[in-house]
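K.L.:
Using the hints, put the two chains back together into the complex; each one sits in its own frame.
First to last, the sequence lines map onto chains A and B.
Read in our numbering, the first sequence has 44 at position 44, and its numbers run on one by one without any break.
Read in our numbering, the second sequence has 4 at position 4, and its numbers run on one by one without any break.
Worth double-checking, as some hints may not be accurate.
Just some of the chain A residues that point at chain B, by a computed CB distance under 8 Å [as the list claims (entries may be wrong)]: (1) 34; (2) 51; (3) 93; (4) 100; (5) 105.
Calculated from the structure, these hints are not laboratory results.
The C-beta atom is built at its ideal place from N, Cα and C for all residues, glycine as well.
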Amino acid sequence: QSALTQPASVSGSPGQSITISCTGANNDIGIFNFVSWYQQHPDTAPKLIVYEVSKRPSGVSNRFSGSKSGNTASLTISGLQTEDEAEYYCCSYAGTSVAYVFGSGTKVTVL
Amino acid sequence: QEHLVQSGGEVRKPGSSVKVSCKASGGTFNDSAINWVRQAPGQGLQWMGGIIPMFERTDYAQKFQDRVTLTADESTATAYLELGSLRLDDTAMYFCAKINRVAGSFDFWGQGTLVAVSS
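Looking at chain B on its own, in the form it has when it is part of the complex (with noise of 0.2 Å):
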C-alpha cells in the first residue's frame, strides 16, 4: 500500500517562503506524478502542480507558476512545494497527491500540512 507523509504546520510571516515535504513509501517514486493541492479553510480544492522525478518534469497552475518551486530527492523518495512571496490568503492545508497517470485520478493522499501566513 502507496504511502505519503508530509511534514508538520508552519507558521510564517507575509512575504516570506515556506517549503514543505512528502516523504513516498510502499511505490515506485521517480516515475510516479506527485502533485499538490491546495485547501484553504472552509474553501474546496485548487490544483496547484506536479512533478514527475524520472523525467525532471514539472507542471504549474497557471495561478501560482510566479511563486511556486517543485523539486524532488529521488534518493529520499521526497517530493518537496516551495512557495514564495506569502500572503494572507495562501493560509491553507497542502496536500500531496500521487497521480496515476493513465486514469487521470488522483490515488494516494498525504495527511496534509498546514500552513498559516500571520503578521
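Isolated chain A, as found in the complex (with noise of 0.2 Å):
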C-alpha cells in the first residue's frame, strides 16, 4: 500500500487561508470516511486536529476543517497563524488487510 500523496509544501501569509490536498485510491479514502489529518511540530508527537475526514476533536480551533470528494480529502486553515506552522498527515483506514495509511506530509509555513 503506498503513501497517500500530499503536496511536500504549502506556505501563506498570516491571516490568508490554505488548502492541504490528501490524494488517496479507491481502496482507502476512496470508500472509507475515516479520513484524520494530523500536526506534528518537530520534535514532538502528531496531534490529531480532524477525525472522520470533517470533524474537529474537542479544543482543536475551528480554523481548521477537512472535507473529502473522491479519492481526494483535504484540509483546510483559516486564518493563518505563525503556530499553524507544522508538518501535516492525512491518514485513511484501508480495510482489514492494510488498516492505515498515512500521507507523505506536508510543510507547512507561514510567510
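P.N.:
If you want it as C-alpha cells, here you go:
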C-alpha cells in the first residue's frame, strides 16, 4: 500500500487560508470516511486535529476544517497563524488487510 | 485525560532486536486499540501494526509482519513492540498511539522512543 499523496509544502501569510490535499485510491479514501489529519511540530508527537473527514476533537481550533471528494481529502486552515507552522499528515483506513495508510506529509510555512 | 508514556531511547546493533514499551493511564486499556507508528529521520509516518488486548487481536503491516511482535500486559496497562533482525534503516522514532475504534483516528500519542541501529 503506497502512502497517500500530499504536496511537499504549502505556504501562506498570516490571516490567509491554505488548503492541503491528500490523494488516495478507491480502496482507502474513496470508500472509507475514516480520514484523519495530524499536526506535528518539530521533535514532538503528532496531534489529531480532524477525524472522520470533517470532525474536530474538543479543543482544536475551528480554523481547521476537513472535507473529501472522491479519492481526495482536504484540510483547510483559515486565518493562518504563526503557530500553525508545522508538518501535516493525512491518514485513511484502508480495510482489514492494510488497516491504515498515512500521507507523505506537507510542511506548512507561515510567511 | 488519557496518557501514554513510552520507554527511553535504545541503541542496538544490526541483527539484534529491541523491545519498546507504552504504558497507558487515564482510560480503559483492555478494550483499547494500541497501534505503533514509526518515523525515520526527516521522513513521514508509517503504520506498523496494532493490538486490542481484550480480544488478543493483532494486525501487522505487511512490511513488518515477519519481524514485529506486538504484545500487551493488561495487569500493568502496558503495550509492547518488539522488532527483530534490526537493520540500519530501522533507525527511527517509534510512537504508540491509541486508536478510536469507532472513528479510526489516532486520538492519543506517546512521546516517542528513538531506536538507533548502528554497527
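K.L.:
Hint by hint, note whether the structure agrees.
P.N.:
Quick rundown of the hints versus the structure:
1. 34: Nearest chain B Cβ about 3 Å off; hint holds.
2. 51: holds, 4 Å
3. 93: OK, holds: residue 93 of chain A within 8 Å of chain B, min 4 Å.
4. 100: holds, 4 Å
5. 105: holds, 4 Å
When the structure is compared with the earlier hints, no violation turns up for any of them.
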